[in-house]
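Trainee: Put together the whole structure using the sequences plus the hints.
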Amino acid sequence: MEKKNKNPSIKILVGYHKPATLIKNDILTPIHLGRALATEASKDGEMSKGDFEWMCENMIGDDTGDNISYLNRYLNELTGIYWAWKNYDKLGNPDYIGYEHYRRHFIFKENIILPPIDGLENYFHYFDNINQSYLEIIDLNNFNNIELFDLIVPEPYLLEKNKFKTTTIENDFSIYCESVDILYDLEKIMQNSDAYREISELFFTKNFYYFCNMFIMKKELFFSYCEFLFKIIFALLDKYKDKLSTFSNPNQTRALAFIAEHITTFYILKQEAELKKIKYAKIGFVKNTIDPKLELELLKRTLKKEIEKNSIVSFDLFDTLLLRIFYKPEDVFAYLEEYFQADGFKKNRIDAERLAKKKKGCYPKYDDIYQYIDKKFYYLKKYEEELEYNNIYINPLMKDIFEYAKSLNKKIIFTTDMYYDKTFFVNLLHKNGICGFDEIYISGELGKSKESGELFLYINKQLNIGDNTILHIGDNYTSDYLKPKNYNWNAFHVYSPFNYFSKYDQISSSFLARKGNITSSVILGFMLKKWLYSKNQYEYWKNIGYCYGGPICYALAKFTYSEAIREKLCNFIFVARDGFVIKKIFDLIQSKQPNKKIKTHYIRAPRIINLLINLDLDSSFSWDKAGSIIRSFKKYIINFENININKLTHLEKLDLIKSNWDELKKISKIKYLEYCKYIANFNIKAGKIGFFDLSANSFSSMKIFHAVFPKSTKIKGYYWNVLSDAYVNKFDYKAFNSLDTFLDNYAISELLITSNELPIEDIMLDGKFKFLDNKLEKQRVQITDKIIEGEIEFSNDLLSVFGNRFDLIFDNATLIDYINYFTNNTLFNDKYFLENVYQAVNEDHTRYMKLKFAKYDYNFNYSPIGAVNKIKSQLSYKLGYALVNSRNFIDFVRLPVILISIIIAHKHQSKLLNFLSLEQYADYEEACKVKGHLSYLLGAYLLKHPFKFIFNFKRIINDFRKNKK
21 MEKKNKNPSI KILVGYHKPA TLIKNDILTP IHLGRALATE ASKDGEMSKG DFEWMCENMI
81 GDDTGDNISY LNRYLNELTG IYWAWKNYDK LGNPDYIGYE HYRRHFIFKE NIILPPIDGL
141 ENYFHYFDNI NQSYLEIIDL NNFNNIELFD LIVPEPYLLE KNKFKTTTIE NDFSIYCESV
201 DILYDLEKIM QNSDAYREIS ELFFTKNFYY FCNMFIMKKE LFFSYCEFLF KIIFALLDKY
261 KDKLSTFSNP NQTRALAFIA EHITTFYILK QEAELKKIKY AKIGFVKNTI DPKLELELLK
321 RTLKKEIEKN SIVSFDLFDT LLLRIFYKPE DVFAYLEEYF QADGFKKNRI DAERLAKKKK
381 GCYPKYDDIY QYIDKKFYYL KKYEEELEYN NIYINPLMKD IFEYAKSLNK KIIFTTDMYY
441 DKTFFVNLLH KNGICGFDEI YISGELGKSK ESGELFLYIN KQLNIGDNTI LHIGDNYTSD
501 YLKPKNYNWN AFHVYSPFNY FSKYDQISSS FLARKGNITS SVILGFMLKK WLYSKNQYEY
561 WKNIGYCYGG PICYALAKFT YSEAIREKLC NFIFVARDGF VIKKIFDLIQ SKQPNKKIKT
621 HYIRAPRIIN LLINLDLDSS FSWDKAGSII RSFKKYIINF ENININKLTH LEKLDLIKSN
681 WDELKKISKI KYLEYCKYIA NFNIKAGKIG FFDLSANSFS SMKIFHAVFP KSTKIKGYYW
741 NVLSDAYVNK FDYKAFNSLD TFLDNYAISE LLITSNELPI EDIMLDGKFK FLDNKLEKQR
801 VQITDKIIEG EIEFSNDLLS VFGNRFDLIF DNATLIDYIN YFTNNTLFND KYFLENVYQA
861 VNEDHTRYMK LKFAKYDYNF NYSPIGAVNK IKSQLSYKLG YALVNSRNFI DFVRLPVILI
921 SIIIAHKHQS KLLNFLSLEQ YADYEEACKV KGHLSYLLGA YLLKHPFKFI FNFKRIINDF
981 RKNKK
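Sequential numbering from 21 applies to the sequence shown in our numbering.
None of these hints come from the bench; they were simulated from the model. There may be inaccurate statements among the hints.
[Said to hold, decoys possible] As a list, the in silico DSBU-like pairs of lysine-lysine whose alpha-carbon atoms are at most 35 Å apart:
id, residue 1, residue 2
1, 705, 788
2, 348, 378
3, 110, 313
4, 892, 870
5, 442, 313
6, 708, 686
7, 616, 686
8, 612, 588
9, 795, 616
10, 451, 377
11, 183, 949
12, 324, 616
13, 183, 110
14, 667, 798
15, 110, 377
16, 442, 481
17, 685, 795
18, 736, 872
19, 419, 380
20, 402, 550
21, 523, 870
22, 110, 38
23, 667, 795
24, 964, 892
25, 731, 708
26, 110, 320
Mentor: Printed below as a string of structure tokens:
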């Protein structure tokens, strides 16, 4: 019996010389280069003990077995390649061996749009950081049948394409290496080699070479490559080591690593000449190699070393050990003002604290603050404290540090400038698992503050600090770092966790931090908490569900729940598939309430059912309802069977339907009765019925429920979006979103708010459904399954804080601006995932479109785009545009009516991204040019001087023409 070929075993070493985002799996094997020298100063400075320990824990070192680790300053990555050669068995004797760098990697996924090539070399595809999409495109599993190739090497590096415009190997080498003699010596060595003489004669006239000493080779080729490479390298090292050691510039010291690229090129050219099968691959270059999670990990290690040196450890509380869900502390007051409709509370509360501090001459107590607050707000005192107690959580990094200090039997104290009393903090800390500390020093209770330094002086006397060493850890550079040093304390400054999160998620953090309302503050707070506690940041779809779908789905569930309570509904329907996750969150909200009276139902009522039971031919709101009807009834009507529907015009489709109308009605009646059997299973009694659907255009679900609940006294639909008012006098409905705010891309709402199940194709006997099963829908099911997981997690997290005493209603306009900001500023990682999703656009799911978003913008120090659109959406531009486009007498007669209609329509227009000034957009300069357009000039003058406009109209046009010349 013939054995099946097993997949070849592969190991790719990834060389690191300092901490960086770890890329590690069964194939990718990190190796610490120059570990023998790691604690000595290098071009990157001196490595800390914590950094060195992290390197040792997370990767193999090149200093074991037969090694040349001590030569790393001269040879760079070659010490790792040498180690693999001499210690091959420690890698498991793989069939293939490769080498990459911590920031340069082969791109194995093909047929995708990559970021542009950039850099001095104009060679690498630049990526901002390592994220999930980057890990996928460098995954060797994307490269099938590696056994068909002998080598994988980088695409050739073309000299004339670099920024220096070099034309020869010699010219290029001299740009970055003073020791050009090394290149001449390599040429001599190659000329004296029978095997390489001919290649050498051609090589030094070529305009390319193979970059970075990167490769994947069959085992036997790797061994012959290393024999060839190191024989030459050691010969050159013997000759040039003394000279290279005199250079103060590290780049000059490692000239032999540069020459190795040319030696590697000789080897590759030799394999090409011998007709080896070679795959040439693109290379990705990562700009930011330390991700924020790694920064926190390294910070924790450094901090632990500091704790070991001190006998007492002091923690600041707020923004160090304790974190709020609210983005800013004063947002607590803003929330209470909004929730209790206590206009003016936020300002009054801030002023009262300031006044209490001034009168007392130091930090006040909580009771002191409320002595100076307006009496009408005094009832909020207990709610403020309760809300703080509910929303505060523990920074997991600092909890680890706290537990480490405890394990070393250090004396632990908390030192805080705060007004709450000790009982509040003890209960709060115990609730969050912080126990076993020694004391809490609170400025409000002691009348002494960190800010003034008096609190540190007081603790010195209490703890006899002169005989101990004490370390204080805090986020305020002045109060937590500079001040304690004045009182013989050691101090360690830590940044707020938001500083790290904002590097991880530029899009949402930049929008939410600027927006400045309760909705944005709470969303940002929960996102930060999730990120801090997340063990796996590479869960793209779950994160999308949590960060974007979660707030929307919660808002819609809260909207429908509030409406159902107000209308005193006993039954509430959630239309499949858009109502799936909304029902789950609705039920979660209801579970937090004492009276759970609303019975919820998840009912399948898609557009295809509307066609089957109502034969709805209203084509005003559909791509092709007539075509969908013909395709859906094809298997039931003989006259439809052999029709090539793609060749029919719309009118021909309608004629075909009309000519078979009686037969269609008979089958439709059967479908209606089958669907009624399905509805009967829910035992919904006639009366007032509410239902939720994502959006309404042709109101298909409303038509279905009117058909199957004919005796209902009232059927009311609740939607996120109602896209047409064509049925405003026919149906009873309410939208969460008003018509003056719009999503720029409605496809994103369909993705974020849908179920993890296949769509319906038909309804069969006894009310059973037939589901459409194709690869595009299966892909969506896999994606939405993960999105929903994130959305439910968000709602659970939110309800854990606001679900009992308090309540939270999100602002719809903020949510829409938030989604629009995301879809208009998507980076490579988002596009990689989002633009590979397809969505059906017709009733019977036979036509699909790929999700599309804004243009690629790979300037990772990016600014959002949209300034030009913002200018053109201004009333002045619109009015001027109408004036400019009035070409004849009739246009001018109609002009007053046109201008008035523009003004009225403008009032209902979306105010997208109004929180950003024009200067913050990437296309700001282009927008400035738009302000010089005649349309803008005319419109601006009309708005400013409406009565003078008619007299100055010609002058404005003449001035414009002069300036244009």
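Trainee: The structure should be examined with respect to each hint, and the outcome stated for every one.
Mentor: Evaluated hints:
no.	hint	result
1	705 with 788	21 Å, holds
2	348 with 378	23 Å, holds
3	110 with 313	30 Å, holds
4	892 with 870	28 Å, holds
5	442 with 313	33 Å, holds
6	708 with 686	31 Å, holds
7	616 with 686	43 Å, violated
8	612 with 588	18 Å, holds
9	795 with 616	40 Å, violated
10	451 with 377	30 Å, holds
11	183 with 949	31 Å, holds
12	324 with 616	50 Å, violated
13	183 with 110	42 Å, violated
14	667 with 798	29 Å, holds
15	110 with 377	67 Å, violated
16	442 with 481	20 Å, holds
17	685 with 795	33 Å, holds
18	736 with 872	34 Å, holds
19	419 with 380	34 Å, holds
20	402 with 550	28 Å, holds
21	523 with 870	30 Å, holds
22	110 with 38	23 Å, holds
23	667 with 795	26 Å, holds
24	964 with 892	17 Å, holds
25	731 with 708	10 Å, holds
26	110 with 320	32 Å, holds
Against the hints set out earlier in the document, violations occur for numbers 7, 9, 12, 13, 15.
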